[in-house]
Amino acid sequence: MIFEEAGASIRRQSSDGDFLYPCYKENCISNIPGTILDLFDVKSKRPQLPNKVVSGNGEVNKVVLFVLDGFGYNQFLRCYRDH
Numbered sequence: 012m013i014f015e016e017a018g019a020s021i022r023r024q025s026s027d028g029d030f031l032y033p034c035y036k037e038n039c040i041s042n043i044p045g046t047i048l049d050l051f052d053v054k055s056k057r058p059q060l061p062n063k064v065v066s067g068n069g070e071v072n073k074v075v076l077f078v079l080d081g082f083g084y085n086q087f088l089r090c091y092r093d094h
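To get the numbering used here, take the position in the sequence shown, counting from 1, and add 11.
Among these hints, one or two may not hold up.
What the hints assert, rightly or not - With a straight-line Cα cutoff of 27 Å, these simulated DSS-like cross-link-like pairs (lysine-lysine) come out:
#1 Lys-36 x Lys-73
#2 Lys-56 x Lys-36
#3 Lys-54 x Lys-73
#4 Lys-54 x Lys-36
#5 Lys-56 x Lys-73
#6 Lys-73 x Lys-63
#7 Lys-36 x Lys-63
To be verified - Now the in silico label distances, taken between C-beta atoms and shown as ranges:
#8 Val-74 x Glu-37: 16 to 26 Å
#9 Ser-41 x Leu-88: 23 to 33 Å
#10 Arg-92 x Asp-29: 34 to 44 Å
#11 Asp-52 x Leu-88: 14 to 24 Å
#12 Ile-40 x Arg-92: 31 to 41 Å
#13 Gly-28 x Asp-80: 17 to 27 Å
#14 Asp-80 x Ser-55: 34 to 44 Å
#15 Gln-86 x Ser-41: 19 to 29 Å
#16 Asp-80 x Asp-27: 13 to 23 Å
#17 Lys-54 x Arg-89: 35 to 45 Å
#18 Asn-72 x Glu-16: 19 to 29 Å
#19 Gln-86 x Cys-39: 14 to 24 Å
#20 Gly-18 x Cys-90: 11 to 21 Å
#21 Gly-83 x Arg-57: 22 to 32 Å
Note that these hints are calculated values from the structure, not bench results.
The beta-carbon is built from N, C-alpha and C at its ideal position, and this holds for glycine as well.
Model the full assembly from the supplied sequences, consistent with the hints where possible.
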């Protein structure tokens, strides 16, 4: 699945032992606006997320953006299961 691949890629690029640094270059939250613009064929010089993140989705006419920056995926899963 794409999220496992992205997670493995981030860990390879940004891990220093037990600490995981932000992946500012490729899978960064700041690349989301450029990616959304590209989905709607809007020309932009903004960086984008890797193509594999949005590939295979066909034509896009709506985007829902749900951001959990700094919350942590594992924390999200624990809260999601509890509620």
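Check each numbered hint from earlier against the structure, then list the numbers of those it violates in ascending order. 10, 11, 12 and 14
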